[in-house]
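Chemist: Okay, so the sequence shown: first residue is 1 according to the working numbering, each after it adds one.
Don't read these hints as lab results, they were simulated from the structure.
Don't take each hint at face value.
[As the list claims (entries may be wrong)] When the alpha-carbon atoms are kept at most 30 Å apart in a straight line, the in silico DSS-like pairs for lysine-lysine are as follows: (1) Lys71 x Lys107; (2) Lys43 x Lys119; (3) Lys119 x Lys71; (4) Lys107 x Lys119; (5) Lys43 x Lys77; (6) Lys77 x Lys60; (7) Lys43 x Lys71; (8) Lys107 x Lys60; (9) Lys119 x Lys77; (10) Lys107 x Lys77; (11) Lys71 x Lys60; (12) Lys60 x Lys43; (13) Lys107 x Lys43.
[What the hints assert, rightly or not] Okay, the calculated beta carbon distance ranges per label pair: (14) Ala45 x Asp110: 28 to 36 Å; (15) Asp12 x Lys71: 15 to 23 Å; (16) Glu92 x Pro3: 34 to 42 Å.
Where a beta carbon is used, it is the ideal one built from N, C-alpha and C, also for glycine.
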Amino acid sequence: MEPRKTVLVVDDSPAVIDALTGALEDAGFEVASAQDGEEVFRKMASASPDALLVDIYMPKLNGADVCRLVKAHPHWKRTYLVLMSSRISDREIDMYRRIGADEILRKPLDVASVVSLVKRAVGMAA
1 MEPRKTVLVV DDSPAVIDAL TGALEDAGFE VASAQDGEEV FRKMASASPD
51 ALLVDIYMPK LNGADVCRLV KAHPHWKRTY LVLMSSRISD REIDMYRRIG
101 ADEILRKPLD VASVVSLVKR AVGMAA
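Build the full structure now, drawing on both the sequences and the hints.
Modeler: This is how it looks when you write it as structure tokens:
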């Protein structure tokens with residue numbers, strides 16, 4: 001049996017982490033979480049996630065910085081990375097795509113759509 005795919009959820013809102021974690025675990029994912037941008041890299045090293053869901057506006061290190069650092073790292077650059085925010089303009093979406101984000105989602109999130117997106121991205125779609 002193939003090992004479960006892992007998703008790292010990064011958000012400074014415990015409610016967002018809880019909602020995404022529950023839905024992703026129900027869909028068969030292993031889920032790790034972090035509440036700020038600095039914590040991401042400790043979790044990346046231990047969890048080796050297949051996908052990252054990262055809030056853009058967080059303390060310590062924002063989502064754009066996390067995206068740049070992950071996509072510049074030789075072991076992590078192929079990790080599917082989704083940036084999320086409730087405050088985002090079309091111009092910002094273009095910039096986030098240029099720095100390597102695979103997808104950009106506006107909050108409030110449709111959790112079922114997020115799960116479907118991640119499943120497709122990591123090859124779990126039915």
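Chemist: Which hint numbers doesn't this structure obey?
Modeler: No numbers; nothing is violated.
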